[in-house]
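Number of protein chains: 2
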Amino acid sequence: MSNVQLKELRAYTKEVVDRSIETLKDYLRLPTISAQNKAIPETVEMVCQLIEEAGGEAKALDDLGGNPVVYGFFPAGSNGDSSKTLLFYNHYDVQPPEPLNEWESEPFEPTIKDGILFARGVSDNKGDFIARLTAIKVLKEVAGELPCNIKFMVEGEEEIGSPNLAPYISKYKDLFQADACIWEFGTKDEQERVNMVAGIKGMAYMELTSIGADIDMHSSVGAYVDNAAWRLVQALATMKDKQNNILVEGFYDGIEKPKESEIEAVSRLPFNEEAVSKLYGLKRPLITTEKGIDPREAMVFQPTMTICGIESGYTGEGAKTILPKSAKVKLDCRLVPGQDPNLIFEAVQKHLLKHGFEDIQVTLLNGQKAYRSDFNHPFIRHVLQTAKEVYEKEAVLAPNSAGTGPMYEFGNQLNLPIVSTGVGWVKSKAHAPNESIRLKDFEEGVVHMAYMLSSFSQALKGKVEEDNITT
Amino acid sequence: MSNVQLKELRAYTKEVVDRSIETLKDYLRLPTISAQNKAIPETVEMVCQLIEEAGGEAKALDDLGGNPVVYGFFPAGSNGDSSKTLLFYNHYDVQPPEPLNEWESEPFEPTIKDGILFARGVSDNKGDFIARLTAIKVLKEVAGELPCNIKFMVEGEEEIGSPNLAPYISKYKDLFQADACIWEFGTKDEQERVNMVAGIKGMAYMELTSIGADIDMHSSVGAYVDNAAWRLVQALATMKDKQNNILVEGFYDGIEKPKESEIEAVSRLPFNEEAVSKLYGLKRPLITTEKGIDPREAMVFQPTMTICGIESGYTGEGAKTILPKSAKVKLDCRLVPGQDPNLIFEAVQKHLLKHGFEDIQVTLLNGQKAYRSDFNHPFIRHVLQTAKEVYEKEAVLAPNSAGTGPMYEFGNQLNLPIVSTGVGWVKSKAHAPNESIRLKDFEEGVVHMAYMLSSFSQALKGKVEEDNITT
Numbered sequence: 001m002s003n004v005q006l007k008e009l010r011a012y013t014k015e016v017v018d019r020s021i022e023t024l025k026d027y028l029r030l031p032t033i034s035a036q037n038k039a040i041p042e043t044v045e046m047v048c049q050l051i052e053e054a055g056g057e058a059k060a061l062d063d064l065g066g067n068p069v070v071y072g073f074f075p076a077g078s079n080g081d082s083s084k085t086l087l088f089y090n091h092y093d094v095q096p097p098e099p100l101n102e103w104e105s106e107p108f109e110p111t112i113k114d115g116i117l118f119a120r121g122v123s124d125n126k127g128d129f130i131a132r133l134t135a136i137k138v139l140k141e142v143a144g145e146l147p148c149n150i151k152f153m154v155e156g157e158e159e160i161g162s163p164n165l166a167p168y169i170s171k172y173k174d175l176f177q178a179d180a181c182i183w184e185f186g187t188k189d190e191q192e193r194v195n196m197v198a199g200i201k202g203m204a205y206m207e208l209t210s211i212g213a214d215i216d217m218h219s220s221v222g223a224y225v226d227n228a229a230w231r232l233v234q235a236l237a238t239m240k241d242k243q244n245n246i247l248v249e250g251f252y253d254g255i256e257k258p259k260e261s262e263i264e265a266v267s268r269l270p271f272n273e274e275a276v277s278k279l280y281g282l283k284r285p286l287i288t289t290e291k292g293i294d295p296r297e298a299m300v301f302q303p304t305m306t307i308c309g310i311e312s313g314y315t316g317e318g319a320k321t322i323l324p325k326s327a328k329v330k331l332d333c334r335l336v337p338g339q340d341p342n343l344i345f346e347a348v349q350k351h352l353l354k355h356g357f358e359d360i361q362v363t364l365l366n367g368q369k370a371y372r373s374d375f376n377h378p379f380i381r382h383v384l385q386t387a388k389e390v391y392e393k394e395a396v397l398a399p400n401s402a403g404t405g406p407m408y409e410f411g412n413q414l415n416l417p418i419v420s421t422g423v424g425w426v427k428s429k430a431h432a433p434n435e436s437i438r439l440k441d442f443e444e445g446v447v448h449m450a451y452m453l454s455s456f457s458q459a460l461k462g463k464v465e466e467d468n469i470t471t
Numbered sequence: 001m002s003n004v005q006l007k008e009l010r011a012y013t014k015e016v017v018d019r020s021i022e023t024l025k026d027y028l029r030l031p032t033i034s035a036q037n038k039a040i041p042e043t044v045e046m047v048c049q050l051i052e053e054a055g056g057e058a059k060a061l062d063d064l065g066g067n068p069v070v071y072g073f074f075p076a077g078s079n080g081d082s083s084k085t086l087l088f089y090n091h092y093d094v095q096p097p098e099p100l101n102e103w104e105s106e107p108f109e110p111t112i113k114d115g116i117l118f119a120r121g122v123s124d125n126k127g128d129f130i131a132r133l134t135a136i137k138v139l140k141e142v143a144g145e146l147p148c149n150i151k152f153m154v155e156g157e158e159e160i161g162s163p164n165l166a167p168y169i170s171k172y173k174d175l176f177q178a179d180a181c182i183w184e185f186g187t188k189d190e191q192e193r194v195n196m197v198a199g200i201k202g203m204a205y206m207e208l209t210s211i212g213a214d215i216d217m218h219s220s221v222g223a224y225v226d227n228a229a230w231r232l233v234q235a236l237a238t239m240k241d242k243q244n245n246i247l248v249e250g251f252y253d254g255i256e257k258p259k260e261s262e263i264e265a266v267s268r269l270p271f272n273e274e275a276v277s278k279l280y281g282l283k284r285p286l287i288t289t290e291k292g293i294d295p296r297e298a299m300v301f302q303p304t305m306t307i308c309g310i311e312s313g314y315t316g317e318g319a320k321t322i323l324p325k326s327a328k329v330k331l332d333c334r335l336v337p338g339q340d341p342n343l344i345f346e347a348v349q350k351h352l353l354k355h356g357f358e359d360i361q362v363t364l365l366n367g368q369k370a371y372r373s374d375f376n377h378p379f380i381r382h383v384l385q386t387a388k389e390v391y392e393k394e395a396v397l398a399p400n401s402a403g404t405g406p407m408y409e410f411g412n413q414l415n416l417p418i419v420s421t422g423v424g425w426v427k428s429k430a431h432a433p434n435e436s437i438r439l440k441d442f443e444e445g446v447v448h449m450a451y452m453l454s455s456f457s458q459a460l461k462g463k464v465e466e467d468n469i470t471t
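Chains as they are written, first to last, in the UniProt record's numbering: chain A, 1 to 471; chain B, 1 to 471.
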């Protein structure tokens, strides 16, 4: 199906991969922590340089606030198809490395051990960016030129919820316009199958605050003074029942019914309850088990409302007898297509009013819509098919991940199919200490992207071989 | 009614009060923080010395663990009534001074400003101890000798819940045996009336812990992993309703019905809702107002269940998307006569089991029973009557305070009437920064105790003048 031989791509990738890893290590040494506004300018400069060194054109957009959004462009060669463009979405920022004492190597001093490269951001998402640039170099060398246009968006606020991204997509719609998009991440599962997603969940992250007084009081006044913590507890208890059904009126409104093909795909996703339970040290059965539903369906199709944190009064050792002045809870709602974070926020406000908790204040800290690509788009089938050839194993595709990202703005404004795949593995530990990728996954990821690009244009024209596609 | 003239007691007290204040300042310089095990031996030594200097016999009991319990004894003079004994209950430990930045002077460097003495522990309860010793000296000087036996118990763990006191009372019952007891504290209200109590509330201080996993998880797993914080919220919501009724089965069992005289006394207690609301900066009406009940009745006769603190997961700034491994709440139940902290603890355990929260662990951190003396005992009427004469104003007596102390063990094991009165004022701020007493209240307190002692023996024999007693 391809203009170039997979064998040749593999061979040349092997030749250049060591140099790419050195480049990746340099990139990883920059502690680009967006939450702490660290190392942003130097990282932007390096991202632009790396694009230019690979033969592309780079531009750092910064006229709409927030950390700069890097645009990269590699035109199709003279024999290529300049009417077709693939867009890579990446981000150059990383999560804070804390807790530091749990790292076995320095988070910003990339360390290789037994073929595994450890560093903050290596799997999320600096490794993928370097792998994709390497794929472009490999393809150019093997094929002589690029068979299509390639664009990059590398943003710098993904780890803080991409609060400034939408206006950039809107204003620079023409610049980022493409026919399809490869999203940032992907991991191999326990059975060494590449796991891809064609969408993401949305999010409404809220803070609820109950304020009872200006000062903490002696707890003996509990006989007549109302308690902000009890009040918050009572309010929360009206929002979710013991069986984890969300009781906020309107919360489930508008949810799009999953397609048959999506339900079918979900039934083939890997899920090992015992392994999950062991991984986290769970003390109780899964809530899906209690409710008799499939955890994979819950993961993909059902919204959540999670208490991420709650705090009030004295939380130290022993007994301190105070009646706290206030109480606060952080609620993370993961949304599915059809839900709107602003409407969820309003629904929670209305719910509190209706239940007599007009004094509890709600703030929306982060809102993103969910997104699902057309599962059967020829592009997505092409990415799956080429993965199967490169990895010599079927890939697994979920309609959406359980996590969140700014995919909705891409899908909605640029109107293109999106699939996420990358170089992570089952123990990549994104966001956690000892984040890692395996060098062999990086190398295979380079080959996959080069091979996928080599026939991207034909695939979009419907020339995909229809056999043996696993969704 | 007295063998000595009140005028003479006032005159001699005025002569010696300055020296007493100097002694008190020395005592206050010792940072006797039981919660941090600070300055215990030197304070015990000073307490014994002070008793001996006042002509008494002192003994530090320490054979049953915990901080030493000081016993003090002053025998009746040869013309006195050695068949009658008054016991003073005091404690030499103080609360931690934190938050330090809110103090206007050093907490352990006593500072006098406009007739007010500021220091940690001055109102709770070091000032009262020195005032009582001074009263003994004054009475001996004015009357020539003591008219009855006087005993002291000065313990060192009151501020941490007197965990080791009961066995001392039990073992040394004969040593502490007396006919009546003056408890540690008392304050003047806004109308300058001395407020006394004839009892205290009890306490069951519990910690409830919900553990869901060994580690904090990414909040996207909320679709299938149960949330320890939601679980604790749901459990708590079954324990108290929105109207602050406690729903734990058996919680209200066995509560003794207040006597008519107690109810009547409560109706005459001072309570200024507006002042209370302003003092704390309350944002909502009193819960008693919402329920249409008298806050004074709630304060004296109703048990409470207060969340003193709750904690789970991420409580810092902004949005962190975790599903926390565990959640914890601290619950302070103030009990009334008839309730048993151990039975309350068991009731909470049973309640959680019954409602399907068998995984939530409960620990009882502190348990004390409530206690109320016989309100009409001649001794209590004697203390009120002498107060009226000394302060030239009616005193106010409540059946019990809203606070807690180890009074039950005294009342139950020593079987004597108990009333609490002392040298505090409305702004004494016990347990808080800038704790204080007024020097004139100290002086008046000395006179009251000397005058009360001068006719204590007769009063017990029923020779109290019956007129004008305000309860």
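Treat the hints with care, as some may be off.
Unchecked claim - Pairs of lysine-lysine residues, derived as BS3-like cross-links and limited to a Cα-Cα distance of at most 27 Å, are as follows:
1) A/Lys440 to A/Lys140
2) A/Lys291 to B/Lys328
3) B/Lys429 to B/Lys259
4) B/Lys25 to B/Lys354
5) B/Lys427 to A/Lys328
6) B/Lys354 to A/Lys242
7) B/Lys393 to A/Lys320
8) B/Lys140 to A/Lys320
9) A/Lys320 to B/Lys84
10) A/Lys320 to B/Lys259
Claimed, not checked - The calculated label-pair distances, taken between Cβ atoms and stated as ranges, are:
11) B/Gln191 to A/Gln243: 31 to 41 Å
12) B/Asn376 to A/Gln243: 41 to 51 Å
13) A/Gln243 to B/Gln243: 24 to 34 Å
Since the hints were made in silico from the structure, they are not lab data. We put the CB at the ideal spot given by N, CA and C, even for glycine.
Taking the earlier hints as the rules, which of them does this structure contradict? Hints 3, 4, 5, 7, 8, 9, 10, 11, 12 are the ones this structure does not satisfy, whereas the remaining hints hold.
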